[in-house]
Amino acid sequence: MKENGAGATNRVQDLLKRLDIGKRSKEAVVATHAKQTVDTVADTGFKVLSKLDEVSDQIRGKADTVKDRFTQGKEYMEMTADNLRNAFYKDLNDDRIVAEAKRAGVDITDKVRTRVEALLEREVFGRLTTLVNDKANPILSKLGLSRKESVASQTEEINVPDRSSRKAANIIEGSALVDAIAEPFKAGKDYDQAKGDAVPKLIETAFGSSELAGKYGPAMLQVMRSIALQSAGFGAESSESMNILDELANDPDVQKEMAENKVNIFQLGAEMSKILRQISEAKQAALESRGESRGISWEYERDQAKASEEVQAIVHELGWKVVDSLPESATELTLDQLMQARVVATKFSQRSIDVIRPLKKIAISMENRFPNKVDEIRAALAEAVAPWKISKAIVRGVVESSILDEETTKQTSKDIFSTIIQPNELFAGLSAEQQTVVMEKIGGTLIDAKLDNIKEGSIYEQTVQAYGEYAQLVVSYDSLREHVQDHPEAADQLMVLAERIMQAKSVMELAKHKMKSEVIVQSRKQKNSQELASSKASNATIEVQSKNARREYYTKTFDDIQERIQNEGPTLKKIINRMGIATLAITGLVAAGEVGPEILEAMIELAKYLVHNVPVAIRVGAVGSGLFGVAHLLRGLRAKMGLRAGEAAVKGRETLAVDNSTSIDQLKKIRDELLAVDNNSAAAGDIDKVIESMQKN
Amino acid sequence: MQDQNTQNSKPQVKADDFYKDIDDLVVSEDNLRTMAAITQVQVESADNAGELVEKMEELVEEENSLEQ
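Order-wise, the sequence lines are chains S and Z.
Going by this note's numbering, the first sequence opens with residue 1, and the numbers climb by one from there.
Going by this note's numbering, the second sequence opens with residue 698, and the numbers climb by one from there.
These are calculated hints, taken from the structure and not from any lab test.
Any given hint could be a false lead.
What the hints assert, rightly or not - No farther apart than 27 Å at their CA atoms in a straight line, the calculated lysine-lysine pairs in the DSSO-like style are these: (1) Lys-373(S) to Lys-441(S); (2) Lys-547(S) to Lys-752(Z); (3) Lys-389(S) to Lys-373(S); (4) Lys-441(S) to Lys-717(Z); (5) Lys-373(S) to Lys-717(Z); (6) Lys-414(S) to Lys-547(S); (7) Lys-455(S) to Lys-414(S); (8) Lys-752(Z) to Lys-414(S); (9) Lys-717(Z) to Lys-389(S).
To be verified - Just the calculated beta-carbon pair ranges, DEER-fashion: (10) Leu-756(Z) to Gln-411(S): 29 to 35 Å; (11) Glu-211(S) to Asp-718(Z): 17 to 23 Å; (12) Ile-171(S) to Glu-751(Z): 15 to 21 Å; (13) Ala-382(S) to Glu-741(Z): 39 to 45 Å.
Owing to the predicted nature of the structure, the values given are computational and were not obtained by experimental measurement.
A virtual CB, placed ideally from N, CA and C, is assigned to each residue, including glycine.
Working from the sequences, and respecting the hints, build out all of it.
Following this line, the structure appears as structure tokens:
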């Protein structure tokens, strides 16, 4: 989002003041400022980790919540660093800031940008990785809280094979777009030339003869051009023009000639003035759409096209990095790989926009300049981006159209029976009749101890469906990853596919676990009723009574656990907490470094508090208190840091906390996603309630 | 040029659905993060359920050992 002029100016002045311009080379000071910011993040992280290290003995092995908080903390530190880097990137490419800096004597050249970006890359993904690896992981280990997914691996340098030999098959040629748009306007590639062609024709038409137009046209043209330029606010002097007009209008010979030819010079002037004013207004609109005061030549479009093409090369490299982070076969996909790929995919997304945005700017500018050619301009833009569009549509289309065949589905059902149900000790200990009863409870029909049919809507069917979804995505992935090797522009689609695969895999695993727990409990119930009948028949002894009591105790425990399993699943609250806490903690960690050790102490106190309290209630409370705390910290953060990371965090918090259509739309998307992947109507109900509440507020 | 002579007959064009489609060529950061959050929550749910099933299995063994 572009800032207003005053805001940008203040920020640049503040930046320059802090940079202490003049004592060192300009490139060096910009780079130093960037480094100082990274230092702040790294130091903050170090302080937090050191404090946690100090108290690690006290909280060792006591609560999952601490583990969650700690691991999140590491994630957020890295995300913070990422945000800071992005903020710098945006600042250094913000036209207004660049212009203001230039006026203040700092030329933010490509050299400066390259240097700062390289430095941030090195510092963020070098120092912070080291910090996490050297400091955070040993603490986790000391606490006995090592997680399956290593957050540190997110920032490890991705081992990418020699990419210089790779060539993307689909290139968007920005320059071709400019040519395509320019084509219909060959007569006027240059604005002045276009105007030069149009106005003499007008004059000739208006005067009714080429002879008269040739005589008075040049003077009239000069007058009208001046008026037009002045009307567009380009600083042209109009007095001279008006003098010429006066002279013409008052010249008896001219008046006579005009009268003989029935030409009213004033009426003509008014008509022409109107037309030229329209031209100038169009020109002004085009300039405004560019947000700067450059000339209206095609140079602007050429620059945009060049920028798009240059970024495209970077995007392709990032795309290949995403591809290389993900395995060749989806069945080998791990959470670690996914997390590593996410970091690069985020960068990919940020830079992909920079390929598309300049092309949009070209088209929008041209639409303003030539409103009657909107269709042609859009057609040219659509054609220019077609290579990407097709590639991405292939990924999307194939994923959606893959269908698991009937034979595979049947085999899947049998596989589930033989891998989940049959090995179960309790199930195997039942009679054929009892096994049939248990199977009916979970939705399967047995004939001769073999699975014959599956009941519609049963947990068995849900498990098979989950497997089907997973298998379908796996098949799509395996072929499409190869596509993306040559079409790195579709890496984001591959990333989404990988996320969906991991989601489907989890849904499948969850369904399997639910079914397995059901088999255990139902089998047990069958066994219990059998033994109860047996003990009644044998006149219960004290020993049998004791056994029954024990059995009752275990049965209740199984029921409790099973209920927890059945209730397990993604809910809106969990998702929002994941997203919301991430945003808050980004701010929290940076802010902690700003406000001093009290906050660090408070964080530790909070961790200890969490250890000794009921996890669920406290988690909810912690989110609430975090909101209040961070709201205060944000004010100071924004003032002190002056970075977009802070603004983004504020925006993120507001988006989550405040009722607005964006949040509601986002929630609706999440709800649809949940229903699509898990048929999770309970979670969808939760979402609807939240949406309703947000709409009321 | 004629196009320019009559250009104001149409209102100035703003970004609309056409440009939204162009934007949608790129999966936004927000969408990537949302997908990641959903994945994480689903993975955690599956992990939690898996741990609980394991616990059930341990209890089965524990009870069996007491029965003997």
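*Which numbered hints turn out to be false for this structure?*
Structure breaks hints 1, 4, 6, 11, 12.
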